[in-house]
Amino acid sequence: MTKEKKGKPSKELPLGFVDRQEKELLVRDFIISNIKEVMIRYGFQYLETPSFEYTDSIGKFLPDKERPDEGVFSFKDENKWLSLRYDLTAPLARYVAKNYLEIPKPFKRYQLGTVWRNEKPGPGRFREFLQFDADFVGTKNLQADAELCVMISEILEKCGLSKSEYIIKISSRKITEELFKKININDNKQKLIALRALDKIDRLGWDGVKELLGAGRKDKSGDFTKGANLKSKDIETIEETLKKKSPETEDLIEILKIFKGYNFSNFEFDPSIIRGLEYYTGVIFEVNLKFDVKNNKGQVIQFGSIGGGGRYDNLVNNFGNYDAPATGISIGLDRLVYALMQKKEFKIKQFKPVVICVFDKNSINEYINIQTILRKAGFSAEIYPGESKLKKQMEYANKIKSPAAILYGENEIKSGKLTLRNLSSGEEKSIDIKELANEIKKIISNNN
RNA sequence: GCAGCAGUAGCUCAGUUGGUUAGAGCACUAGUUUGUGGAACUAGGGGUCGGUGGUUCGAAUCCACCCUGCUGUACCA
93 MTKEKKGKPS
103 KELPLGFVDR
113 QEKELLVRDF
123 IISNIKEVMI
133 RYGFQYLETP
143 SFEYTDSIGK
153 FLPDKERPDE
163 GVFSFKDENK
173 WLSLRYDLTA
183 PLARYVAKNY
193 LEIPKPFKRY
203 QLGTVWRNEK
213 PGPGRFREFL
223 QFDADFVGTK
233 NLQADAELCV
243 MISEILEKCG
253 LSKSEYIIKI
263 SSRKITEELF
273 KKININDNKQ
283 KLIALRALDK
293 IDRLGWDGVK
303 ELLGAGRKDK
313 SGDFTKGANL
323 KSKDIETIEE
333 TLKKKSPETE
343 DLIEILKIFK
353 GYNFSNFEFD
363 PSIIRGLEYY
373 TGVIFEVNLK
383 FDVKNNKGQV
393 IQFGSIGGGG
403 RYDNLVNNFG
413 NYDAPATGIS
423 IGLDRLVYAL
433 MQKKEFKIKQ
443 FKPVVICVFD
453 KNSINEYINI
463 QTILRKAGFS
473 AEIYPGESKL
483 KKQMEYANKI
493 KSPAAILYGE
503 NEIKSGKLTL
513 RNLSSGEEKS
523 IDIKELANEI
533 KKIISNNN
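For the first sequence, the positions run 93 to 540 when this note's numbering is used.
Derived by calculation from the structure, the hints in this document are not laboratory data.
Do not rely on the hints blindly, as some may be mistaken.
Here are the simulated PhoX-like pairs of lysine-lysine, each with C-alpha atoms no more than 25 Å apart in a straight line [to be verified]:
1. K325 <-> K302
2. K484 <-> K435
3. K493 <-> K506
4. K261 <-> K292
5. K382 <-> K336
Derived CB-CB ranges, DEER-like [unchecked claim]:
6. Q282 <-> D405: 22 to 30 Å
7. K292 <-> Y146: 31 to 39 Å
8. D405 <-> L348: 16 to 24 Å
9. Y138 <-> G297: 38 to 46 Å
Heads up, the beta-carbon is just placed ideally off N, CA and C, and yes, glycines get one too.
Let's have the full structure, built from the sequences with the hints guiding it.
Here it is in structure tokens:
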């Protein structure tokens, strides 16, 4: 809705951008603190790279068009194209290439950062979102890939999910590679269409996927998607091969062994997962939630995975001569928060301030004294930030969910005691200032 | 991008076959209580009915185009 009063700025947000409120942010902070704690124990180091990069260094090349806006936000600065990063992997590859001689090999880093994509937003998907990535650069050892899976499941469980609520699906690019060789598909374009089709198996089932491998498919809105035009004999071979639930490529057999050593079993082999089309070269994995996610109208929506990753052995090499095989995982934090908030009642401690009501400006020093006592004792406290009648002050305290209000007016000054009102019970008590911290403590611990 | 559905106060919506000053609930403001919130009552503010153009004596209501949102689909490095 674009409601712009004449001559006034719009209060609407650009498509795909949102304000995020405290409730969501606190859950996000909780998840982030779990991530950091696990990262440290797994031996990753923390890295931050800038939001903007030169367009060509993050894998976008300048098209003939006026601006490189294929999925990225870009602008021209001093004759060079800059783009907001669209993931954290491309900047990592750039960082490694730039600092190759100084960094340890292998290099293990994790990163939290906002990324931007100039594409259509969907349920739980925005054009600006927070990602968390962990990567190993400079090792071919599948121990790394295995550890990423173990680690992400440890993070999810720390966030309160049980083993039955999520699953790590794993596969390898080598499976489809060998398959395409077997049925003689060499056309790169056709391969891509076929890969995309296979990626949709969780939503469309085999029937839909076979349509896409063949002539094409009409979806329920009536829109038609062109297919890969494979021979029906080949489509059958594909289905047969991928329906086998036993992994046959070397890399998968190896990684399953390592999982065993970790006693890790909350995964399943699923040859239909594909992930990004271009850069993965080996083992790939995807993190899926096993419960329904609803939108704010209560409808169950197609939520998809909350993250995934895999092995990309050639990415760093794009920058020059360093051969740095790598593997990494990337999690969409906002999507994880969105899903988790539906699943769990998060008991996040919120320290809402005790409100000290203002009766008389001349008593301001008394109020400051009370406030200081409370803050020094570790409580959140504030002198009512305004000038209003007591009724307004109480309404304010109620609105911000303050645990208690402190009244110190004429009556209290005479008696030398202050009145403490418990805002959840409504109970009022006359207490000595020395007892204040203790009384507040009682009220807060009762509320939690 | 393509397709379906939708767009009336801050929010959720009503508005009859086009007809006088466009409604409700919640929220908001003030008061009933000159020192007390979460309940009640009273009064009040707030809408060029997504936008533009058209049909008509007359349009929130009909038509066209555009914008925005939702859902699916495509793309997703």
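The hints, checked one at a time:
| no. | hint | result |
| --- | --- | --- |
| 1 | K325 <-> K302 | 11 Å, holds |
| 2 | K484 <-> K435 | 37 Å, violated |
| 3 | K493 <-> K506 | 30 Å, violated |
| 4 | K261 <-> K292 | 14 Å, holds |
| 5 | K382 <-> K336 | 22 Å, holds |
| 6 | Q282 <-> D405: 22 to 30 Å | 24 Å, holds |
| 7 | K292 <-> Y146: 31 to 39 Å | 34 Å, holds |
| 8 | D405 <-> L348: 16 to 24 Å | 20 Å, holds |
| 9 | Y138 <-> G297: 38 to 46 Å | 42 Å, holds |
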